[in-house]
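Participant: If you want the building blocks of each chain, they are given just below.
2 protein chains.
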Amino acid sequence: MPNFNLSLYLVTDQSLSLDRPLKSVIEAAVRGGVSMVQLREKNASTREFYDLAMKVKAYIKPYNVPLIINDRLDVALACNAEGIHLGQNDIPYDIARKLLGKDKIIGLSVESVMDAERANNLDVDYIAISPVFDTPTKTDTSKALGLGGVKDILKITRHRCVAIGGISKENAADIISAGAEGIAVVSAIMSSENPQDSARQLRNLVDHTKNRLG
Amino acid sequence: MPNFNLSLYLVTDQSLSLDRPLKSVIEAAVRGGVSMVQLREKNASTREFYDLAMKVKAYIKPYNVPLIINDRLDVALACNAEGIHLGQNDIPYDIARKLLGKDKIIGLSVESVMDAERANNLDVDYIAISPVFDTPTKTDTSKALGLGGVKDILKITRHRCVAIGGISKENAADIISAGAEGIAVVSAIMSSENPQDSARQLRNLVDHTKNRLG
Chain A
41 MPNFNLSLYL
51 VTDQSLSLDR
61 PLKSVIEAAV
71 RGGVSMVQLR
81 EKNASTREFY
91 DLAMKVKAYI
101 KPYNVPLIIN
111 DRLDVALACN
121 AEGIHLGQND
131 IPYDIARKLL
141 GKDKIIGLSV
151 ESVMDAERAN
161 NLDVDYIAIS
171 PVFDTPTKTD
181 TSKALGLGGV
191 KDILKITRHR
201 CVAIGGISKE
211 NAADIISAGA
221 EGIAVVSAIM
231 SSENPQDSAR
241 QLRNLVDHTK
251 NRLG
Chain B
41 MPNFNLSLYL
51 VTDQSLSLDR
61 PLKSVIEAAV
71 RGGVSMVQLR
81 EKNASTREFY
91 DLAMKVKAYI
101 KPYNVPLIIN
111 DRLDVALACN
121 AEGIHLGQND
131 IPYDIARKLL
141 GKDKIIGLSV
151 ESVMDAERAN
161 NLDVDYIAIS
171 PVFDTPTKTD
181 TSKALGLGGV
191 KDILKITRHR
201 CVAIGGISKE
211 NAADIISAGA
221 EGIAVVSAIM
231 SSENPQDSAR
241 QLRNLVDHTK
251 NRLG
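If you read the protein sequences in the order shown, they are chains A and B.
Heads up: the first sequence is residues 41 to 254, going by the working numbering.
Heads up: the second sequence is residues 41 to 254, going by the working numbering.
This is chain A alone, in the form it adopts within the complex:
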């Protein structure tokens, strides 16, 4: 499995990119300090998703930023992405691992302590605790966990963790202080007027908070 850094994990959403091409927003974000990129395209055709993934992969490779594909194992395999992110309604983990092999990253969304307990029985490479706060980005998620809910999951999980859902400059430090290894964001970067600058500020917040915690 490739090394990966969960500090600042960008999850894409074409509809939140203020009509800018997704690729240009991702590029700016990576220049700003995003450490992982997850392409989440629920409305693209398979071919569009694949074409986008190939382009993004070529761009971010020199930055050593892994490309993770949301849900679509076919796209992940076709573009030889570094990994896949699975939700609770996606393909079962065991099958994804079998098809992808041990050399790829597999992440899993967990929305409760129960999900996290189940994930402890799987060799996933990280979990995404979701959603921390209420967010307009996703309409199909459970109710917000809050910082307390995130801490409950962090207490019992054996996996590396990123948290997602309504995370911004205002609360990023709290998430890291709570014990998450990183933050995942959608609109805080996708909808920023200056994605590179927003990425830089968020990454600095994460890095400084970790340094403070030692």
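Note that these hints are calculated values from the structure, not bench results.
Each residue gets a CB set at the ideal place from its N, CA and C atoms; glycine is no exception.
Hints may be right or wrong, so weigh each one.
Here chain A is said to cover these stretches of chain B; the calculated rule only asks that three of the stretch's residues, wherever they fall, bring their Cβ under 8 Å from a Cβ of chain A [as the list claims (entries may be wrong)]:
no.	region
1	82-90
2	107-115
3	129-135
Once you have looked at the hints, place chain B on chain A.
Facilitator: Below, chain B without anything else, positioned relative to chain A:
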């Protein structure tokens, strides 16, 4: 590659199944004489699609009816389906073949003589000439080819052919007489009050027309 029989090819559409469970319609259709089943689920979650595919596969296996998955190579791989059907906006053929291997069926939709010429350069296992007639089933297809357009494609293709789009008991014999190996249908079975009976009638029409042609 498994043997397959294109005579009567059912393509599913949950929204046309008159609120009946897809699985029950498919089962009736297979009992009636459907020779191939393609699951096309554009709105299901990956997990729902996978779960449905596993159930359908288990049911149709004893009938020796191959299960083909529309577009979603991930679902095809996960459920070890007999093959995949690709549209012009799906994953590129070469990549699908590489990931699936030689032992699986790959079909490709062609909507023009130009598509068919390009398909002649690929080792697809069959092509689906689409759409023959105007149909309410798909809203993203090109304009109807008509019987003349189907014949133009049949003349130049080197592949086995099925035709799809607005095919019913009224015109099935014309399609076979034109030289197609089989017919693919959606609403003629999915929306039938009696899918088993409709499948039986359509299969008889195809078989009798082929016998008449010698």
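Participant: None of the hints should be skipped; say for each whether it holds.
Facilitator: Going through the hints against the structure:
no., hint, in the structure
1, 82-90, "holds (count 5)"
2, 107-115, "holds (count 5)"
3, 129-135, "holds (count 5)"
Hint compliance for this structure: no hint is broken.
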